[in-house]
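Start from chain A and add chain B according to the hints.
Protein chains: 2
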Amino acid sequence: MEKTPQLCVMGGGLVGCLLSLYLAKQGYGVQVYERRPDLRRADLFSGRSINLALSDRGWRALETIGISEDIKKVAMPMYRRVMHDGQGNLSFQPYGQAGQAIYSVSRAGLNRALLNLAEAQPNISLNFEQQVLEVDVPTNRVTMLNVASQQEHQITPDVIFAADGAYSMVRLSLQKTDRFNFEQSYLNYGYKELTIPPAADGTWQLEKNALHIWPRGQYMMIALPNIDGSFTCTLFFPFEGEPSFKSLQTPAQVTSFFEEVFPDAVALMPELAQEFFENPTGSLVTVKCFPWQHKGKILLLGDAAHAIVPFYGQGMNAGFEDCTVLRGLLETHQNDWETIFNTFQEVRKPNTDAIADLAVYNFIEMRDKVADPRFLLQKKIEAKITGQYPDAWLPLYSMVTFSPDLPYAQALANGQRQEEIMRQLMGHIETEADYDKPQVQEFLKTHLSA
Amino acid sequence: MEKTPQLCVMGGGLVGCLLSLYLAKQGYGVQVYERRPDLRRADLFSGRSINLALSDRGWRALETIGISEDIKKVAMPMYRRVMHDGQGNLSFQPYGQAGQAIYSVSRAGLNRALLNLAEAQPNISLNFEQQVLEVDVPTNRVTMLNVASQQEHQITPDVIFAADGAYSMVRLSLQKTDRFNFEQSYLNYGYKELTIPPAADGTWQLEKNALHIWPRGQYMMIALPNIDGSFTCTLFFPFEGEPSFKSLQTPAQVTSFFEEVFPDAVALMPELAQEFFENPTGSLVTVKCFPWQHKGKILLLGDAAHAIVPFYGQGMNAGFEDCTVLRGLLETHQNDWETIFNTFQEVRKPNTDAIADLAVYNFIEMRDKVADPRFLLQKKIEAKITGQYPDAWLPLYSMVTFSPDLPYAQALANGQRQEEIMRQLMGHIETEADYDKPQVQEFLKTHLSA
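Order-wise, the sequence lines are chains A and B.
Under the numbering used here, the letters of the first sequence match residues 679 to 1128, in that order.
Under the numbering used here, the letters of the second sequence match residues 679 to 1128, in that order.
Okay, chain A solo, but in the shape it has when bound (with noise of 0.2 Å):
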């Protein structure tokens, strides 16, 4: 009989989780390795609730633990996208069809009711406050951290699974090994999160079941509702120039700027300038690897493998879906790692590659162009499209967000082709009612006919 392998993932978060609970499906035991404390700990909740939306790729992730019922429970369905304008106008862009909503959940929340699955199974040890030093690549060897006590000590897992995060050291260790490809780059952008607490009754102040915009060209705010009736708002601004986090000195000087650009929004954020000062800055990096596996021992997923920013709402799904193919993978392979590895990273790179660039592009989209009419009118007439041709043409957020069976990949391909349609058609096109023009007809029978 093998010898059973020893396996250890690196990273307690939402895809290491995952990871675990796959791999003791299939029998191995898991040693999983968290750098920060058990954040099941109460002690340890600090008042601010992030959030992150799930879509398509992610419920499929969570139905197969059986979860995806109690997480939808606790989640926040998001229908459309509603733009806030300079002087609290809305306007409206559904995400999908009709019933078709992205969720925004809890952070925190998800990332507890997947170490609580973890630590259910006999084959799962969880291990917290554990931090990565140093992978020594030829060895499999890794010096560890524990934290609390300072202690260094050493473990040489057979497989190491490094889902690490955005900042992963196991592929720093991987970046000194020769031909390994990196990349991080940020924007000049960060984020700052702020909040709009529920109304005196409880309830939510703005639409609930909503995304909400405040697009402003080269900068932009998001709000993304909680269950507990607040928001969780997002400001997405410059380092630098004007204005910008650095232009931004006191408290007065942050709330004059929001009366002046945000009016409805401040109105609604009591808080505002105290948690601005208080809160940190976040920066925004996009991260590129490859190779994610080395000689079958080590394998790279989730940001570990391919940090991206958040626009598209698709960090968590890709991470998850990362799961999903290894899963399959595992299934049909067996102890074969190294074809495992390879095929994993085969197969996932060119899609983690195109949801990076879609999401980085979906910020100009976001802060820009949904504010611009012509736009709006662009999505209309593509929502006519697809009700004429369902069967060949969906819309590129559709095909990133509700149809997990298609490949990022592909998404962009098809994407790139229909904005090509796209600025041919909207040539022809003044209003709504112009869709049933003739020529406009003609055109999409010719194109989009089978």
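FYI, nobody ran anything at the bench for these hints, they're computed from the structure.
One copy or any two copies: either way a pair holds, since identical chains are not told apart in the list.
Straight-line C-alpha distance at most 20 Å; calculated SDA-like pairs for lysine to any residue: (1) Lys1027 <-> Glu861; (2) Lys886 <-> Val944; (3) Lys966 <-> Ser863; (4) Lys966 <-> Asp856; (5) Lys973 <-> Tyr864; (6) Lys973 <-> Ser961; (7) Lys966 <-> Tyr845; (8) Lys924 <-> Asp856; (9) Lys973 <-> Gln853; (10) Lys924 <-> Lys973; (11) Lys870 <-> Thr855; (12) Lys966 <-> Tyr864.
Using the frame of chain A, we list chain B on its own:
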């Protein structure tokens, strides 16, 4: 009186030595730390002769420290490319005007000359076998390893100049700071150095004042002359596929392959099979990053800031040009390191990005295009254009190599414009004589007259 800042230069290679001379000339005391032993120690001579192409940007720097004449005496001018086809037939392409050459120089010899100059300065101290392990960026505290004793110690210079190469440890520390953009990308090709020894009478077995190329489409070999009568050949070859480093596994396979594809060279390479397996296979990396400086306390330069592939022969020249630019800024801004470093990176970054991209492009030209008669015809036509319109048209290669006052980015932009003109022009040209056709002359007059 202001305290004299303590400066250290990490890296005692070509760029580190030249920079330390410039800093010393400005009156600063400089500590130079080099990871390797002093390569002037005779027992370190490895017997292998690695050469570099020195061109006008490099010569300009060497003139400032008074050693250009001495170096020229031991340099081999190369006036043209000599292409060797599969039957050993030769074709030729001059590098520039009559008398213009790039120079093959010994890297070790040049480094020794620079070390001697640095050592002769009372305010420069050279420290060998001192490896940077880590920089604590907030405090500038550097942990160094004495490679001989394996003892660690710490230094805290006021300013760190990191000339520690493509795998810079200083840069690795900066990479962990927020918003540091970084990319390392490898070609799927490796390189192997091989030797054509001198003839029995000590003379060169190929035309000595030329750079020889055996272009073979997907791979190539080149040879640069050395002053001792030998040539150093470099095979640029895929790591994998057919043929590749992976596919050639035995001496018999290597010999048979070389006899088939490089028949005229293999006859001159008695140690081929032995060298092929004894010499290491190098990899080819491009490094881009930004920012290059941190708060006026750390500056990356040379390969540490912008490592490039060797196909334009500009790696050392670009590093020396960094020193030239920095030298001017040191004089203008005295001690105002933040201004010096900010200006430096703003001026240099677009230019080093340009030469990085040009270097990758030139690999395709060398391994593939120079074997194409149409390409060589185009080069002859281009020489005619330069002759007729000397103020309006300088070939890209000359702009990069022989025009040290023209920034690389400007050379690249001019080159792209010229490439488009050539593309249109070559539609009218079948032979060299067609250059005199009226429509060709008319076209040139329209596009190139001021």
